[in-house]
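Colleague: Next come the chains, spelled out residue by residue.
Number of protein chains: 2
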Amino acid sequence: MKKILVVGLGLIGGSLAMALQGFEDFEVVGAVRSQATHDKALAKHAADRLTFDPAAELPGADVVVLCQDPAGITAFLRDNRDRFKPGSLIWDVCGVKTAVMAAAKCLPEGVDFIGCHPMAGKEVSGIANAEAGLFRNTHFIVTPGPNATQEHLDLLRRMADWCRFGDVIVTTPERHDQMIAYTSQLMHVIAVSVCADEGLFSCKGFEGGSFRDCTRVAALDPAMWTQLFTLNAPALCRVVEELEGRLRAYREAIQSGDRETLSAMLASASERKKRIDLERARGDDVRPSF
Amino acid sequence: MKKILVVGLGLIGGSLAMALQGFEDFEVVGAVRSQATHDKALAKHAADRLTFDPAAELPGADVVVLCQDPAGITAFLRDNRDRFKPGSLIWDVCGVKTAVMAAAKCLPEGVDFIGCHPMAGKEVSGIANAEAGLFRNTHFIVTPGPNATQEHLDLLRRMADWCRFGDVIVTTPERHDQMIAYTSQLMHVIAVSVCADEGLFSCKGFEGGSFRDCTRVAALDPAMWTQLFTLNAPALCRVVEELEGRLRAYREAIQSGDRETLSAMLASASERKKRIDLERARGDDVRPSF
Chain A
1 MKKILVVGLG LIGGSLAMAL QGFEDFEVVG AVRSQATHDK ALAKHAADRL TFDPAAELPG
61 ADVVVLCQDP AGITAFLRDN RDRFKPGSLI WDVCGVKTAV MAAAKCLPEG VDFIGCHPMA
121 GKEVSGIANA EAGLFRNTHF IVTPGPNATQ EHLDLLRRMA DWCRFGDVIV TTPERHDQMI
181 AYTSQLMHVI AVSVCADEGL FSCKGFEGGS FRDCTRVAAL DPAMWTQLFT LNAPALCRVV
241 EELEGRLRAY REAIQSGDRE TLSAMLASAS ERKKRIDLER ARGDDVRPSF
Chain B
1 MKKILVVGLG LIGGSLAMAL QGFEDFEVVG AVRSQATHDK ALAKHAADRL TFDPAAELPG
61 ADVVVLCQDP AGITAFLRDN RDRFKPGSLI WDVCGVKTAV MAAAKCLPEG VDFIGCHPMA
121 GKEVSGIANA EAGLFRNTHF IVTPGPNATQ EHLDLLRRMA DWCRFGDVIV TTPERHDQMI
181 AYTSQLMHVI AVSVCADEGL FSCKGFEGGS FRDCTRVAAL DPAMWTQLFT LNAPALCRVV
241 EELEGRLRAY REAIQSGDRE TLSAMLASAS ERKKRIDLER ARGDDVRPSF
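Protein sequences appear in the order of chains A and B.
Under our numbering, the residues of the first sequence are numbered 1 to 290, in order.
Under our numbering, the residues of the second sequence are numbered 1 to 290, in order.
Hints were generated in silico from the structure; no laboratory data involved.
This structure is a prediction, so every number in the text was calculated from the model and none was measured.
Incorrect hints may have been included.
Copies of the same chain look alike in the list, so a pair counts if it fits in one copy or across any two.
[As the list claims (entries may be wrong)] Keeping only pairs whose Cα atoms sit at most 25 Å apart, straight-line, the calculated BS3-like set for lysine-lysine is: (1) LYS3 with LYS105; (2) LYS204 with LYS85; (3) LYS85 with LYS274; (4) LYS2 with LYS122; (5) LYS122 with LYS85; (6) LYS204 with LYS40; (7) LYS105 with LYS44; (8) LYS274 with LYS40; (9) LYS122 with LYS105; (10) LYS40 with LYS85; (11) LYS105 with LYS204; (12) LYS40 with LYS105; (13) LYS122 with LYS204; (14) LYS3 with LYS44; (15) LYS204 with LYS274; (16) LYS122 with LYS3; (17) LYS2 with LYS204; (18) LYS274 with LYS105; (19) LYS3 with LYS274; (20) LYS85 with LYS44; (21) LYS44 with LYS204.
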């Protein structure tokens, strides 16, 4: 029997360990650090087996899935670089890819690191909220290094299918980080910026679906997102600044009383939104094969 | 049998006409302008009876619910001021309240206008998307004028309960407009600003739940929202400008590389979001009785 070692059973790692169970002839081993996580993971059978000692499992692990935060992944790669099994596949789930791919350069030849980013999540964290169905119909983004083997790319694709991801997107770490600055990190900056408004606690009774949706992700893990934002600072700052400019343009149009200009701006944005929703519904998403 | 006349069977009016059916001893009459809306409303039995001539119904209507856009409501009040039944209750569903309450000053004494705002909606519009369950667990905001009768406030409360609103919030038109600038209008300005990004169509495959949630309301009706934004320009421009400032503060913290400051900002916003979610879950929402 082969072995998948999932390191870190938080929301994503725990959900992956659950989703990966039963995949081909692999045993899924979950590595935890705290007794509390161990007990919760055991209670919900988050993995076939649990361990407090991932280093001891590495020499026998055919696949290693790193589910810590960026600093945790970097440290783990550095501290264990000589323990990975030759020919094994290592992948991670981190929301930034350039920094993680750079950190993986420390691995010896023959250990294949492929950067991954499951575009799934919840506004709550931890093994308690993990579930096997978390990845259903979400994007699985893959950033292979120059030496990624076809065998490992095929294996990764089969794992993604088994976990019920909606599609697999292959791209470069640099393009991933640029895209994600806009589609994910900016949404988190918006949510925390809205929640920093001093009127937050007096607005109860006046909030509707749009407010709940826009602020949903504000209840984020500060330590993790400090890392994610910092590691992608240039791309993220660019899209934040662009958004500031577009908000200012709307404010000026509203202030000016020029209804024609405002209406044209709203019509354009509304059309763009409808068009992209239509394209998505039609399934125009590229689903590249490896 | 008494009569409720719902004027304008779009998403909100159509849903209200559906939800109000069966309320006490009232007949629900829906007023439409186009044959297309008429036919769709008839097919889904959106009202007990349909009419193309609301003016003819007014003298016999005990309750009139105005579900047009702000300009439509203002024109309807002005054109029909002498047709309303003495002692009747008129309410509207408009997302701004100061301007509508001012327009209602044209009504003769003895016709009771109470401003209302059901905090419900969808990203799609029209009778085709109307449903009786739209208001379940949403806020029903009420801004009574100085001469609102207790009898009418009680009647409104019973209608809100019948439509399954989660609670009824009584406030002034001015406070409503201030609050709504932040909790609703700002969310729409954010959504259209995000969708105006030139990268929108190249980001497919990289969007997750936070992107879909934040941009959901961007597919708005430009004519309607031009009115809503313009009629609440000072309050809205203030909160947009404040958001620009907070986005800039995040950008500067990310750019500076000062992780401690960034982490503290994220921790504060995240705590605030968790706290308001907890308060909401505990049901701390004020539910004032009339």
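Colleague: Need the list of violated hint numbers for this structure, in ascending order.
Modeller: 2, 3, 4, 5, 6, 7, 9, 10, 11, 12, 16, 17, 18, 19, 20, 21
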